[in-house]
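**Student:** Take the two lone chains and join them into the complex the hints point to.
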Amino acid sequence: MLAKLIVYCAYYLKSADWYRRAKLFFYDLLENSHSRKKKYFDATMICLLILSVIFLIYDIEHEDSKMGGYFELAILMVFIVEYLIRGWIYSDTYKVIIEEYEKALYLNLDFKLLGVFRKAFVRDIEYITSPFAIIDILAILPSYRPLAILRIFIIFRLFKLFRYSNSAKLFADALASKRFELMTLLIFTCFLVFIASVSIYMFEYQAPDSGIHNLFDAFYWTIVTLATVGFGDITPQTTGGRWVTIFLILASLGVLSFFTSILIAAFSEKMLSVRESRTYAELDRYDNFIIICGFGRVGQEIARHLHNDRQKFLVIDRVSARIDLAKKRGYLAIESDASNNEVLINAGICRGASAILCITGDDVINVYVTLTSRHLNKNLRIISRANRHDNVNKLYQAGADNVIRPFEIAGLLAAEFVGQPVAFEAISGILHNQTETVMESVLVSEKSPLDNQKIGQLDLQQRKLTLLGVISDNPIHLKHKNKYQVNQQHFYFNPEVDFILRHGDMLVLLGRKYGIDHFRDQVEQRRLFSRQPK
Amino acid sequence: MKNIAVFGYNRLSFEAISRLDKELYQITVIDHDPVKAALARENGFETANIDFRSDDDLKLIGIGAHIDTLFCFFDTDSENVFLTLSARALDKALNIVAIVDSPESAEKLIAAGANKIIDPYEICGRKIHDMLKRPDINDIFDHTVFGRHDLHLAEVTIPENSYLENAHVTQLHLSSQYNLILIGIVNKQVSEQMHFVAEEFDRRLSVGDILVILGPSREIRAFKKDVENEFCKI
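Line order of the protein sequences matches chains C and E.
Quick note: the first sequence, position 74, residue 74 per the numbering used here, numbers continuous.
Quick note: the second sequence, position 46, residue 46 per the numbering used here, numbers continuous.
Looking at chain E on its own, in the form it has when it is part of the complex (with noise of 0.2 Å):
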């Protein structure tokens, strides 16, 4: 179970957290308008009714301790960049999410320490444009990571004892066994970053890779059960 601290409760944060798995994440919102924090709680959502200029406040909700991810979705990018530079001091290890309204801020924000930038106009401009030079891929990208329909990524890892262990990727023949079709694989040993499927020559898979697929749910759902089965036959 992971713990996420949302800062901010507006379209966005809402959008979000109702896209994350109800029983894998525990998911706090805190918003100082406590019109906003009443609109969350009669959303379903547990709520916290913290000042986020306080460290002792921050602490108080787990920062520092259990929360895994901050969420920074607050309208302005001064308390976003104040925000992230009161967690990052509490936690190095923190997953920091953060929002920007105007580019310039971007910056700001990675250097007060947030692991990932979103800008929602900018995703949105990209977006229109692909949808006027390249329709078709567009809708792909819809019925994907939209998930529009159900065609999903998925990372699996693959754990100690696992069959796929030693295997090489070509022994793998997702798509005839699984209708799954395999994007990548990142080596941990190696770096964090993945190699796409397609131009990697051969190579035996370890403990502790991840395998980026493609597939409906019911098929990912499936063959991440083998993978954990020891005695599954390739």
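Chain C with its partners taken away, still in its complex shape (with noise of 0.2 Å):
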């Protein structure tokens, strides 16, 4: 009965909307690292624990504090709730019962509850086991007051920093990277303090004026030479007690000079990873931004133009002396190989990223970038360059939007000046925008007035623009002549006089910068303004 009852509770759980909601909900907050919830949730918890500490010092001297208690306490139920919570998102149990149950159906079987409830306590234990559940617990028991004595262990509150901030961890990691070194090292300072205390003992103990009486001082006095600290409260008096302290401070040197330059090696190769993790976090604050493959002098020229647009974008180059180059600029920028699924992974090419651009100057490796970003993503844009022909098609069936044939360009444009120097001067001035003159597109809207007007009517020339036609995908128009398929458009060259403009539609104009914008404004002034009498 009570089995049926909890099978029963699961499958509600299960279904129930609010229980899936409220488990991401917490969720987000508190383990998701890509969520903005938890970044406030772990400033929060910062701050909290900081004032903790503060209020613990600020009761080692005022006993009687109220204040300090009730904050103490609220304190307290948060960290209880947070470890509970925790507990809850950690593992679901619900899943357990109805797996087993499912299971248990399947091969006709008995439903037991205890193995289930054996299952869920050892998620449980694992749960209570970890690392950071530990430091939790840590964290809250030193605050009951049976255990008064555990009070000064509040101080290790400050290790649940680690959990909310990611310097501390990478700190810890990087420490864990040497861990064979530094274990090493221990086990010779332990031979090394043991030897030496002994020996200290030995000579010094029945020495008359000595400081050392017991095992004990001698283990302090060989801590603080070997530390190279050295007080001096305590001195070797025998000759004996001298050599030994020679003997000491000249291993000390090694000892520490080895663990000074196991520290600095450990953080000097996780130094590479913590900014590309930084990298990482700061593109995890952006959408819509572009990943540019390859940072030769196509990527180059990209990323200044995209920079001077205050368009976000990230390099990745395997060279690292452009990476530099990149982050000179104060471009985004991660030394790595971007055919790694990992790396595009990490550089969001799943979440915010809106292109990609293979450019590298190698065919293999754009076809191949091309293959991954596709195949990790559905609606990317994809931008690939081609440095020879017969790779073009390989391009578009490897996933490209568009392939782009850097030397076809430049020969064509090279062949266009000789033809047509003048048209060719003017036309690569409004593509490169440095005249005024400037090719637009202006998009007629939903009730805008351009809809349903004529060409004829729109007294282009009095503004002094050119039209050059209207791109669109309205089968209406396809009775026109004059049309060229543009990818899923047509673009209208040259529209009669009696073409009728609809909504989507696009005017393709030749003009002054200015001149177009405030055609723009006009039509959109004019859309509001007929709009409000409703």
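Just so you know, these hints were derived from the structure itself, not from any lab.
Please note that the accuracy of each hint is not assured.
[Claimed, not checked] Straight-line alpha carbon distances no greater than 20 Å define the calculated DMTMM-like cross-link-like pairs of lysine to aspartate or glutamate that follow: (1) Lys328(C) with Glu104(E); (2) Lys38(C) with Glu425(C); (3) Lys188(E) with Glu425(C); (4) Lys36(E) with Glu23(E); (5) Lys36(E) with Asp77(E); (6) Lys513(C) with Asp136(E); (7) Lys133(E) with Asp517(C); (8) Lys481(C) with Asp51(E).
[What the hints assert, rightly or not] Quick list of the computed label-pair ranges, beta carbon to beta carbon: (9) Glu192(E) with Asp459(C): 41 to 51 Å; (10) Arg134(E) with Glu446(C): 17 to 27 Å; (11) Asn161(E) with Tyr396(C): 35 to 45 Å; (12) Arg134(E) with Leu272(C): 29 to 39 Å; (13) Gly429(C) with Gly62(E): 31 to 41 Å; (14) Asp459(C) with Ser206(E): 25 to 35 Å; (15) Arg304(C) with Thr170(E): 37 to 47 Å.
[What the hints assert, rightly or not] Chain E stretches covered by chain C per the calculated footprint, using a threshold of three residues with CB under 8 Å from any CB of chain C: (16) 80-92; (17) 125-135.
Glycine included, C-beta positions come from ideal geometry on N, C-alpha and C.
**Tutor:** Below you can see the structure in the form of structure tokens.
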């Protein structure tokens, strides 16, 4: 009967929307490192922790302060609730129950509650013994009055900072990566301390005026000497004791320099990934950024333009000199291999990236990165560079939206320059935005005064604008001639005066920048004005 | 018939010369690498085996004489600068087009006397930027300048005795009569600069003016033919 009730509850929770949403909310708050909520939560917790330690210090001098007590209680509540919720989202007990129940049903076995509880319990133990959970418990326990002796452990609350701060975690990781070296050093140091303590104890114990009266004194002296601190409160009196001191000092110099070198090596090794993760963390804040794979001449040129547009982008290149250059120019950059799935995922290809540019000088890499990106994200815009003509189709097959051939374009411009220098200069001026005259598109939006209007009524000549054509995907225009297929749309070149515009169409205009802007503004104003009376 | 000397046979020069009309241009390809020169011959281009470092050799192929345009398409900037300098010394009126590899070489090439510098990487970079920022306009450019469809830019010079002589710009009605769009006009008497027709007030055309038009090639041909015709009605 009880088993039935529990299984029923489990199924209810599985289907309950509020339960799922609550769990998701707390997951975002506590564990999801990409969520904004977690950042605020972490910051709040850090403040609380620091405050609690400040109150602890205050309490030492003012034993009967009441405020401290209330605050302590509040913090404790927060910590306990946090601890329990973390335990709750660590595992899904109802899933275990359902799984066991369905298994039992399938195999025609009896559904045993005991087995389920055992499994759930194992998961709970797993959580309780995880390092962070232990730190959490250490932060809670000292507040329990009967365990007042543990109050000193409140200071351990600071370890909780590791939970909320990435840099502290990186520090710990750096040390952890040198575990073997540190272990070796520790064993050696233990031997040294043991030998030195015992030796000095043997020589000095019976000497008159010696400060060493027991083994702990000897140990204390050894540590003070080993650390090159040397308070001088205990000094060796016998010749034997002085020889021990000499050897200990020489050995301790080696130990300390070895220790320092391990630390430096660990941090310099970690530095690269620290920088990388900082870059990723910064990217997390953006949506709609562009990934540039390859920072050669083409990449640099694009980066310069994008930087001017204040468009966010990330540069990935394998050559460290290029990454240094990118960083020097203030771009986000990662020294890595873009053909690696993990690198692209970390770079946010499935999250915030709107486009990826595969523009290295090597077609093999371009094809590979294109394929990888398309595989990871179906909707991403991919622009690739083909250095050889034969590879254009391969890039399209790999999933590129646009393929660009630098040498072909340059060759074509050279030919154009020879054939028609005037037209070439004019058009390349427009193309490069070097002249005052620009080519821009104006959208005919819904309820716009342009909607349902004939081209002849637009009075473009008066506005000193030249209409080159209309881009539209509206099938109503298909009867007109002079249409050119452009992707999924048609470009209607030189439309007749009785061409009727529909919303969604785009006028391609040539004229001064401010002339086009003025036209666009007027259209927009009239659209807003005409809607007001309603 | 124009004569073009192309120095350096590579992807870029191949693209450039295959775009040029064989009937209008006499092209000679020169490369100091015999393998590339052989490849050019295989592809049907006329080649010459000369050393570009020697002025006598340059004169031999006609620089300073019948060559109108020089393409300096070597892979290294130093060679292009050297060639530009030598050629400019031989012929002041030569039209020199050079490519650059590193951006700082552009100034050197201009100083050496090149008329036009082409930086393939810069162009490619701009183009990709355009693809991202204004894809529609970029597409239109692809269809016109880069000729994916039959829409072309063309220059039409007004010859003597043309019916267009003394005609007003507004009288042209190119868009209704020919399905062409008039982009701009170069008034040869004033400057080489093109004026966009949209901002130009109505003016009279004179002999030597250049009309820059955009449209399908059939219409361009028809217009060019009519322009030369004295008796064509407006």
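**Student:** Look at each hint and say if it fits the structure.
**Tutor:** Verification of the hints:
no. : hint                                 : result
1   : Lys328(C) with Glu104(E)             : holds, 19 Å
2   : Lys38(C) with Glu425(C)              : violated, 55 Å
3   : Lys188(E) with Glu425(C)             : holds, 15 Å
4   : Lys36(E) with Glu23(E)               : violated, 24 Å
5   : Lys36(E) with Asp77(E)               : holds, 18 Å
6   : Lys513(C) with Asp136(E)             : holds, 17 Å
7   : Lys133(E) with Asp517(C)             : holds, 17 Å
8   : Lys481(C) with Asp51(E)              : violated, 54 Å
9   : Glu192(E) with Asp459(C): 41 to 51 Å : violated, 32 Å
10  : Arg134(E) with Glu446(C): 17 to 27 Å : holds, 22 Å
11  : Asn161(E) with Tyr396(C): 35 to 45 Å : violated, 51 Å
12  : Arg134(E) with Leu272(C): 29 to 39 Å : holds, 38 Å
13  : Gly429(C) with Gly62(E): 31 to 41 Å  : holds, 32 Å
14  : Asp459(C) with Ser206(E): 25 to 35 Å : holds, 29 Å
15  : Arg304(C) with Thr170(E): 37 to 47 Å : holds, 42 Å
16  : 80-92                                : violated (count 0)
17  : 125-135                              : holds (count 10)
Hints 2, 4, 8, 9, 11, 16 from the earlier list are contradicted by this structure; the remaining hints agree with it.
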